[in-house]
Amino acid sequence: MERMLLQEVEEKRRTVEERVEQRKIKVQKQRKALRVLFKGEEHRLSELRIVLLGGRWSGKSSAGNTILGREEFESGIRTAQCVKRQGEIAGRQVTVVDTPGWLYLSVQNTRELDKQEIVRSVSLCPPGPYALFLVINVSSSFTESHRRSVEEHLELLSERVWRHTIVLFTRGDWLGDTTIEQHIETEGKALQWLVEKCGNRYHVLNNKNRGDGTQITELLEKIEEMVARNRSGHFTIEASDEGFKQWLKGETVDEKQLKQKLEEEWSRREEELIERMATVVVDSETEGSTLPVRKRRNSFEIDRPSSDGGSPSEAGS
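Numbering (the UniProt record's numbering), first residue to last: 1 to 317.
The set of hints was computed from the structure by calculation and includes no laboratory data.
Note that the structure is a prediction, hence the values are computed from the model and not measured.
Glycine included, every Cβ here is placed at the ideal spot set by N, Cα and C.
Keep in mind that the hints are not guaranteed to be accurate.
Cross-link-like lysine-lysine pairs, in silico, BS3-like; alpha carbons within 27 Å at most [to be verified]:
hint	residue 1	residue 2
1	Lys-208	Lys-24
2	Lys-189	Lys-12
3	Lys-12	Lys-32
4	Lys-197	Lys-29
5	Lys-26	Lys-222
6	Lys-32	Lys-84
7	Lys-32	Lys-115
DEER-style ranges, computed between Cβ atoms [what the hints assert, rightly or not]:
hint	residue 1	residue 2	range
8	Arg-14	Leu-113	45 to 51 Å
9	Ser-139	Asp-212	14 to 20 Å
10	Glu-88	Arg-14	24 to 30 Å
11	Glu-88	Ser-145	36 to 42 Å
12	Glu-17	Ala-90	23 to 29 Å
13	Glu-144	Trp-57	16 to 22 Å
14	Trp-57	Glu-18	32 to 38 Å
15	Asn-206	Asn-109	29 to 35 Å
16	Trp-174	Glu-71	32 to 38 Å
17	Glu-17	Ala-190	33 to 39 Å
18	Glu-112	Lys-12	40 to 46 Å
19	Glu-18	Arg-70	23 to 29 Å
20	Gly-87	Gln-7	34 to 40 Å
Build the full structure now, drawing on both the sequences and the hints.
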């Protein structure tokens with residue numbers, strides 16, 4: 001019996017280690033593919049705009065202080081309304097907006113004022129933030145109820161928010177010798193879903209070691225990689241889908257609203273194309289071949305969706 005238990009434990013350990021290695025490889029491939037796809041283009045931003053989102057006691061304010069390198073946000077007390085602070089980091093002008101945290105319950109249980117502040121945070125760093133950090137405390141368990149609560153609260157800002165979000169783990173000192181990938185794989189499916197929903201973009205901060213500038217430098221690089229992937233775009237709250245539905249029905253619709261919906265559809269299709277091309281780029285590099293990538297307007301060759309509802313033509317045809 002004891003031997004069977006030991007075998008079971010060992011099998012679980014091996015399974016976790018395999019998943020850890022797979023996640024590391026996947027993230028490395030994604031980052032490498034982005035560097036190849038955008039080779040020769042300048043994506044170092046002189047200005048960065050960041051919004052911190054997360055539940056109560058997640059360490060948002062402490063994370064903001066670590067990012068800015070000084071005590072700008074009051075930690076240890078509840079943030080009742082948005083707070084905006086600025087500073088210069090590695091030659092970049094950085095704006096950080098802290099927001100009220102939520103209890104890990106349904107968004108329906110969150111105070112209306114808190115929900116309004118979460119939405120208002122985007123407007124405090126005009127024309128919009130380049131990155132939204134979803135702050136998660138690694139020393140606390142992350143369950144399915146936490147996952148649902150996070151999903152509901154982030155989608156106050158629309159479904160597009162995920163393309164601009166990085167999971168920022170705090171209390172990195174608590175991990176000890178455990179890597180963040182090991183923590184993700186052992187914590188369970190809820191946290192794994194969240195990391196994957198954010199495109200496997202994550203970073204861990206040790207708020208007790210603010211003298212370690214490399215953790216912030218690496219974080220800024222990850223932001224710039226995400227911005228490059230988003231075609232240098234910042235996040236804005238999308239309009240209601242109602243205008244697009246009216247257009248499909250042939251009813252009168254605001255032209256600006258229609259244009260925005262077409263842009264969103266184009267961005268979605270381009271995102272799918274980038275995913276496919278990233279895989280091809282990495283595979284071709286592994287095989288030692290080169291892949292010609294045709295770009296236009298700092299983006300990949302791709303046709304915009306037509307306003308008559310038809311399918312787009314094939315790129316390059």
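**Agreement of Lys-32 and Lys-84 with the hint, judged by alpha carbon distance not exceeding 27 Å** = Not OK: Lys-32 and Lys-84 at ~33 Å, beyond 27 Å, violated.
**Prompt:** Between Lys-189 and Lys-12, is the straight-line Cα distance small enough, at 27 Å or below?
**Reply:** Distance ~15 Å between Lys-189 and Lys-12 Cα, so the pair holds.
**Glu-18 versus Arg-70 beta-carbon gap, inside 23 to 29 Å or not** = violated (42 Å)
**Message:** Assuming the hint says 40 to 46 Å, is it satisfied by the Cβ distance from Glu-112 to Lys-12 or not?
**Reply:** Holds, at about 45 Å.
**Message:** Quick check: does the Cβ-Cβ distance between Trp-174 and Glu-71 fall within 32 to 38 Å?
**Reply:** violated (21 Å)
**Message:** For Lys-26 and Lys-222, compute the direct alpha-carbon distance and say whether it is at most 27 Å.
**Reply:** holds (15 Å)
**Asked** Given the proposed pairing of Lys-12 with Lys-32, does the C-alpha separation stay at or below 27 Å?
**Response** Violated, at roughly 30 Å.
**Prompt:** Could one say that the CB atoms of Glu-17 and Ala-190 fall in the range 33 to 39 Å?
**Reply:** violated (21 Å)
**Prompt:** Are the Cα positions of Lys-208 and Lys-24 separated by 27 Å at most?
**Reply:** Between Lys-208 and Lys-24 the Cα gap is close to 25 Å, so the pair holds against 27 Å.
**Prompt:** Holds or violated: Lys-32 with Lys-115, Cα cutoff 27 Å?
**Reply:** violated (37 Å)
**Request:** Could you check the hint for me, namely that Glu-17 and Ala-90 are 23 to 29 Å apart, CB to CB?
**Result:** violated (35 Å)
**Prompt:** So the hint says 36 to 42 Å: do the beta-carbon atoms of Glu-88 and Ser-145 match that?
**Reply:** holds (40 Å)
Hint violations for this structure: numbers 3, 6, 7, 10, 12, 16, 17, 19 and 20, all remaining hints satisfied.
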